[in-house]
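From first to last, the protein sequence lines are chains A and B. Start counting the first sequence at 1; every next residue gets the next number (our numbering). Start counting the second sequence at 462; every next residue gets the next number (our numbering).
Just to be clear, a hint being listed does not mean it is correct.
Below are the DSBU-like pairs computed for lysine-lysine, each with C-alpha atoms no more than 30 Å apart in a straight line [unchecked claim]:
hint	chain 1	residue 1	chain 2	residue 2
1	A	LYS12	B	LYS586
2	A	LYS15	B	LYS586
3	B	LYS604	B	LYS586
4	A	LYS12	B	LYS604
5	A	LYS15	B	LYS604
Computed footprint of chain B on chain A, listed as stretches where at least three residues anywhere in the stretch have a Cβ under 8 Å from a Cβ of chain B [what the hints assert, rightly or not]:
hint	segment
6	9-17
7	368-379
Per the computed footprint, the stretches of chain B lying under chain A, defined by three or more beta-carbons under 8 Å from a beta-carbon of chain A, are [unchecked claim]:
hint	segment
8	540-546
9	557-566
Think of the hints as simulated: they come from the structure by calculation, not from any bench. On a predicted model such as this, the values are computed, not experimentally measured, just so you know. Note that the Cβ used here is the ideal one computed from N, Cα and C, for glycine as well.
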Amino acid sequence: MTILGLAWRSIKQRKLASILTGVSIALGVALTIAVVALRDGAQNSYHDTARGYDCILGPTHGSTLDIVLNTMFHVGDTGGTIPWDEFEAAKRDEMVKFAVPYAVGDMLRGHHVVGTSTDMFRALMDPEGAALLDSIRGRLFKDGKHFEAVLGSIAAANTGLVNGRRFRVTHGVGLVEHGEEWTVVGVMRPTGTPVDRGVFVPIETFYEVEGHKAGAEDVGKRRKERAQKRAEEEKAHGHAHDGDDDHGDHGDEHDHGDGDEHDHGDGDDHEGHKHGTKEELGLSAIGIRLKSPILRLRYVADIRNDRGPVQAVIPQDQIRELFDVISPIGKLLTWIVALMIVVAGVGTMVSLYNTIAGRRREIAILRAVGARPHHVFAIIVSEALLLCLLGGLFGILLGHGTVILVAPYLLEKAGVFVGGGFGSLDAWILGVLAVLGLLVGLLPAWQGLRTPVAANLHPTE
Amino acid sequence: MPEPALHVRDLKKWYRDPEGGRFLAVDLPSLDVSRGEALAMRGESGSGKTTLLNLIAGILPADEGAIEVGGTRITGRSETQRDRVRAEHIGYLFQTFNLLPGLTALENVQVGMSFRPRRGVAPRKAAREALDRVGLSDRRSHKPAQLSVGQQQRVAIARALAGHPTLVLADEPTSNLDRARAEQCMDLLLAFAEESNAALLVVTHDEGLVGRFERVEHLAVPVGSQA
Numbered sequence: 001m002t003i004l005g006l007a008w009r010s011i012k013q014r015k016l017a018s019i020l021t022g023v024s025i026a027l028g029v030a031l032t033i034a035v036v037a038l039r040d041g042a043q044n045s046y047h048d049t050a051r052g053y054d055c056i057l058g059p060t061h062g063s064t065l066d067i068v069l070n071t072m073f074h075v076g077d078t079g080g081t082i083p084w085d086e087f088e089a090a091k092r093d094e095m096v097k098f099a100v101p102y103a104v105g106d107m108l109r110g111h112h113v114v115g116t117s118t119d120m121f122r123a124l125m126d127p128e129g130a131a132l133l134d135s136i137r138g139r140l141f142k143d144g145k146h147f148e149a150v151l152g153s154i155a156a157a158n159t160g161l162v163n164g165r166r167f168r169v170t171h172g173v174g175l176v177e178h179g180e181e182w183t184v185v186g187v188m189r190p191t192g193t194p195v196d197r198g199v200f201v202p203i204e205t206f207y208e209v210e211g212h213k214a215g216a217e218d219v220g221k222r223r224k225e226r227a228q229k230r231a232e233e234e235k236a237h238g239h240a241h242d243g244d245d246d247h248g249d250h251g252d253e254h255d256h257g258d259g260d261e262h263d264h265g266d267g268d269d270h271e272g273h274k275h276g277t278k279e280e281l282g283l284s285a286i287g288i289r290l291k292s293p294i295l296r297l298r299y300v301a302d303i304r305n306d307r308g309p310v311q312a313v314i315p316q317d318q319i320r321e322l323f324d325v326i327s328p329i330g331k332l333l334t335w336i337v338a339l340m341i342v343v344a345g346v347g348t349m350v351s352l353y354n355t356i357a358g359r360r361r362e363i364a365i366l367r368a369v370g371a372r373p374h375h376v377f378a379i380i381v382s383e384a385l386l387l388c389l390l391g392g393l394f395g396i397l398l399g400h401g402t403v404i405l406v407a408p409y410l411l412e413k414a415g416v417f418v419g420g421g422f423g424s425l426d427a428w429i430l431g432v433l434a435v436l437g438l439l440v441g442l443l444p445a446w447q448g449l450r451t452p453v454a455a456n457l458h459p460t461e
Numbered sequence: 462m463p464e465p466a467l468h469v470r471d472l473k474k475w476y477r478d479p480e481g482g483r484f485l486a487v488d489l490p491s492l493d494v495s496r497g498e499a500l501a502m503r504g505e506s507g508s509g510k511t512t513l514l515n516l517i518a519g520i521l522p523a524d525e526g527a528i529e530v531g532g533t534r535i536t537g538r539s540e541t542q543r544d545r546v547r548a549e550h551i552g553y554l555f556q557t558f559n560l561l562p563g564l565t566a567l568e569n570v571q572v573g574m575s576f577r578p579r580r581g582v583a584p585r586k587a588a589r590e591a592l593d594r595v596g597l598s599d600r601r602s603h604k605p606a607q608l609s610v611g612q613q614q615r616v617a618i619a620r621a622l623a624g625h626p627t628l629v630l631a632d633e634p635t636s637n638l639d640r641a642r643a644e645q646c647m648d649l650l651l652a653f654a655e656e657s658n659a660a661l662l663v664v665t666h667d668e669g670l671v672g673r674f675e676r677v678e679h680l681a682v683p684v685g686s687q688a
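For reference, chain A alone in the conformation it holds in the complex (with noise of 0.2 Å):
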């Protein structure tokens, strides 16, 4: 019988005292387990999503980090509209590879509807690097006034809707619901991306909607108002137009409040406003791939430069900046976690020294049948060791699984993608549990050492 057989023997002996001490270190590898990985997950999530776009052009007076996450993780919004203008001038730009329009604001039972071109699903990779084109079930909705949608795998999962069921959506998150009525005709494979969420349609639609229409009809007089008055006074002060309009409308963007175009309507029933829709609404920002990632600080300071009516941001600039501030919360969490562990591991000593008491006459027949003190000392480590290494490893399951569990509940919740997958760090946990163990066993050890036999096998004479 080995040391290790004897040490298992003497932890299933005392079968509640270790399973109690087994799971307090089982909790403390689990919650550090869990929370580097919520940690390390939302990073890489924030990260990956981040490198979608090279940058993204949103409203002037809105916030770089909000005009990212409304755009690229579906929370918040952009803080404002910029000229459908921009869109096109991108699209243009010989730079430019994808310039993918977004306009949001309506919602299908909490998803967001996003209102885009097909060019958003080629421009956008799923984590493993495949354009999101690939994992549409159906097909992809057609650009253009046609009334389609294609689902993220969470939304449609939410909402219960297959290929071929229509929907309509409510204005905001309230109850108002527009007439107009989508079908799907497309659903993605959860692709581990804030897109599940989605409910993605053709951004011409988005116009269509007769709610906007009302609003834009407003905003369009208002607008028409503005250019008017400025026009008016450039004359006045003898200012020659070069015919460049955007440069008008450029101005009266600045004037737009938050979510103002969703109060927009289709300028194509409006006499003066044939194409007042785009124009009027507007959008809420413009994903830009590039040709080549070396270009982004060239087409970044051109716009720059232009002092026009977007800014461009740079998205994964915006997340490490936001990381660099929350990462040392996450650590010192980390850290604080990590310190269970240390102390599930004081309590198995405690465990294990409280119970050489009771021990000493096991301790004492051991020795009389022939066991060295080397070898009870060996006895007791084990068993701090084993009971170390098997809480860890299965707080190591336990942590992994939680992980898994709360997974998806947080990629609908916040869009962040938490992967499970053992790694190294679950070598890092049972490397430290078997020095832990080793260390936390010495005392008891000790103390069963100096444990007299001939007075714990039976009473002098």
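Based on these hints, arrange chain B on the given structure of chain A.
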């Protein structure tokens, strides 16, 4: 000439009393036991019978005198060295059996051989054979609490003899058994020791059993104490 298993000369052991003085617990001028020999050691209460066995087993250090087991000196050696001699040469049968409650019958027998040098004998196989020898082949996986008192004693006998020790020490081995079981136990112990060619030293005050031994010694209560 029989091979000597135990050789004791001028053995003395003192204990401290609560007043700080010392009293003599064991005083044995001479004792020799050969392999294959069975010896009963009688003695009144307080004569130091158990202490004598613990001294011979090396569990307690002697204060004076010499002990050799299987030709190896125990006295004057470190605790670890005494432990090694015990593991290699001695089988110990306790009054209260002293089986480990968390182990099965087979494991209890096996554990007795786990700390001694391997001499080509697989401990598990030897433990099985020893349990077969004491008639407990169908109780190998039973824990002590699942065995009767007599069965526990037989497991203890198997543990003491499974490793074929030079010397078997038995401390009041039948005191917890009724007459019939005590007789059976002693039959088994004597037969097993003879088969193993082990020297058998049994401490007892059971006069009924003493008669079964070819040799009986008396351990007198030590006289005098030293302040």
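Results for each hint:
For the hint pairing LYS12(A) with LYS586(B), the CA-to-CA distance comes to about 24 Å; that is within 30 Å, so the pair holds. Between the alpha carbons of LYS15(A) and LYS586(B) the distance comes to roughly 29 Å, so the proposed pair stays at or under 30 Å and holds. Only pairs whose Cα atoms come within 30 Å are accepted, and LYS604(B) paired with LYS586(B) is accepted, the gap being roughly 19 Å. Among the hinted pairs, LYS12(A) with LYS604(B) is consistent with the structure: their alpha-carbon atoms are about 13 Å apart, no more than 30 Å.
Using a Cα cut-off of 30 Å, the hinted pair LYS15(A) and LYS604(B) holds, with the two alpha carbons roughly 16 Å apart. Coverage of the segment 9-17 of chain A by chain B holds [criterion: at least 3 residues with CB-CB distance below 8 Å; count 4]. Counting residues of the segment 368-379 of chain A whose CB lies closer than 8 Å to any CB of chain B gives 8, which reaches the minimum of 3, so the coverage claim holds. Using a Cβ-Cβ cut-off of 8 Å, 4 residues of the segment 540-546 of chain B lie near chain A, which meets the minimum of three, so the contact claim holds.
For the segment 557-566 of chain B, the assignment as covered by chain A holds, since 7 residues bring a beta-carbon within under 8 Å of that chain's beta-carbons and 3 suffice.
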